[in-house]
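Each protein sequence line maps, in turn, to chains A and B. Here full-length UniProt numbering is used: the first residue of the first sequence is 1, the next is one more, and so on. Here full-length UniProt numbering is used: the first residue of the second sequence is 1, the next is one more, and so on.
FYI, nobody ran anything at the bench for these hints, they're computed from the structure. Just so we're clear, the structure is a prediction, and the values are computed from it rather than from any experiment. Any given hint could turn out to be false.
Any copy will do: because identical chains look the same in the list, a pair fits if it lies in one copy or spans two.
With a cut-off of at most 30 Å between alpha-carbon atoms, the simulated DSSO-like pairs for lysine-lysine come out as follows [said to hold, decoys possible]: (1) K135 <-> K5; (2) K170 <-> K159; (3) K16 <-> K135; (4) K31 <-> K16; (5) K31 <-> K135; (6) K75 <-> K170.
Protein chains: 2
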Amino acid sequence: MANYKIYIQYDGTRYKGWQRQRTTDQTIQGKIEAILTRRYGRTIEIDGSGRTDAGVHARGQVANFRIPEALCDGKAPEDVCDELLALFAEYLPEDIAVTEVRVASERFHSRLNVVKKTYVYRIWNAAYPNVFERKYMLHDTRHMDVEAMRQAAEYLLGKHDFAAFCGNAKMKKSTVRTIHEISIEEIGGEIRFTYTGNGFLQNMIRIVTGTLVDVGTGVYPPEHVAEILESKVRAEAGPTMPAQGLTLWEVVY
Amino acid sequence: MANYKIYIQYDGTRYKGWQRQRTTDQTIQGKIEAILTRRYGRTIEIDGSGRTDAGVHARGQVANFRIPEALCDGKAPEDVCDELLALFAEYLPEDIAVTEVRVASERFHSRLNVVKKTYVYRIWNAAYPNVFERKYMLHDTRHMDVEAMRQAAEYLLGKHDFAAFCGNAKMKKSTVRTIHEISIEEIGGEIRFTYTGNGFLQNMIRIVTGTLVDVGTGVYPPEHVAEILESKVRAEAGPTMPAQGLTLWEVVY
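Let's have the full structure, built from the sequences with the hints guiding it.
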């Protein structure tokens, strides 16, 4: 059973998120598994690096799956990679693409082996809408103090209990995570928030961004973010930003 | 009557082109004029720098129009600019945006005063599809010899009769145009053709690109492009490339 690692891009607009669901076929995992299952005549399940929510995009999602050699017509795994790339290019809808297929080591697991992940939240901050990237950015015309947002972000760096920034009220496991880096860049009319960490809680990037935007628009000063973190209370933090602006950028192993 | 100059971006996918038509309201000019006419209570016509065909996009289309001062509630033209920008942001569909409104000199005419125009044709040349810019590039997986295309492009520079590259068989006016510059760049998996000239014939960029792609894929050698130009016969040149890959990039006055 060779173990295959794939890199996936998707425009999440039309989908109910990454994870397969019984009640809809509009999931990324479901679309990919359906193609593999049809091709190989038996159920092939894939493991993603993590879920993305409905409407969230990905530039560098990673997944892995195994195909029994008996189903590969005697092909070497490297040749199966080429076949898979062509298979996905032919059958995936135009808003999902597999950009690379590699043979992984036998023990590789796309979720368990993650070292760090990068997510990007993009806000289009001009008076007029962005026509070409409108589906990948949130349009918000309010003035934002980028320097204040950068100061606020400093309080979130490192290892903390991010319970105040967790969208899952019933979370029983640890809400401790480590954020390695937060950068806030102005690129033309765009404000781009880039987060790198060892993992993120449900809705965490969207809530952290909502909190930084609260700071940027003057709802509270940068220092208040330390108090929110300390409180561990979800209601203290800012709003959950819409999924549309969020992209899973890169997964590092 | 102040003369207003506007900069327009559009994703042309859903539209029948720039030019107003009686039989459809799905034109860019029509959408903009409808908003102005509704706001000012009388027909206001706009002049574009030139037409773009159905499905063609624009990053820097320019148009101008006049509004009688009597309709402006005593506002100075500079204040009317701000009002117009907000008006367009509110009422235009999400795939059309007016990015800037300026007061132009009284004699400014967006078509007659064009000094040069830049068009870009984008081909996505990787094995997998481009998810995020799929509507703005043509996906073509064939290997293309970029150096051969660059050599071929040299024959087209300068002032020539481009009759062989004109999509309008009944063209009665001059088919002489001047191309100042053609650049062909590889940007990641994209091959980007950038054309700057004093003006272009109907479908000219799409036919020139189709001809260069013929060279790139080995249909004929670069030198043959000189013969096509010389022939002045449309059938000698390559195919008209799909509208999807074409963007009006910039208009210089």
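Here is how each hint holds up against the structure:
Taking the shortest Cα distances, K135 and K5 sit within 30 Å of each other both inside one copy (28 Å) and across copies (28 Å). In this assembly of identical chains, K170 and K159 lie within 30 Å of each other by CA distance solely inside one copy; the values are 21 Å within and 71 Å between copies. Taking the closest pair of Cα atoms, K16 and K135 come within 30 Å of each other both inside a single copy (15 Å) and across two copies (22 Å). In the homo-oligomer, the alpha carbons of K31 and K16 lie at most 30 Å apart inside one protomer (11 Å), although the nearest pairing across protomers, at 33 Å, exceeds that limit.
Taking identical chains as interchangeable, the C-alpha atoms of K31 and K135 lie at most 30 Å apart whether they share a chain (21 Å) or sit on different chains (21 Å). Taking the shortest alpha-carbon separations for K75 and K170, neither the intra-copy value of 47 Å nor the inter-copy value of 57 Å comes in at or below 30 Å.
Consistency note: the structure conflicts with earlier hint 6 alone.
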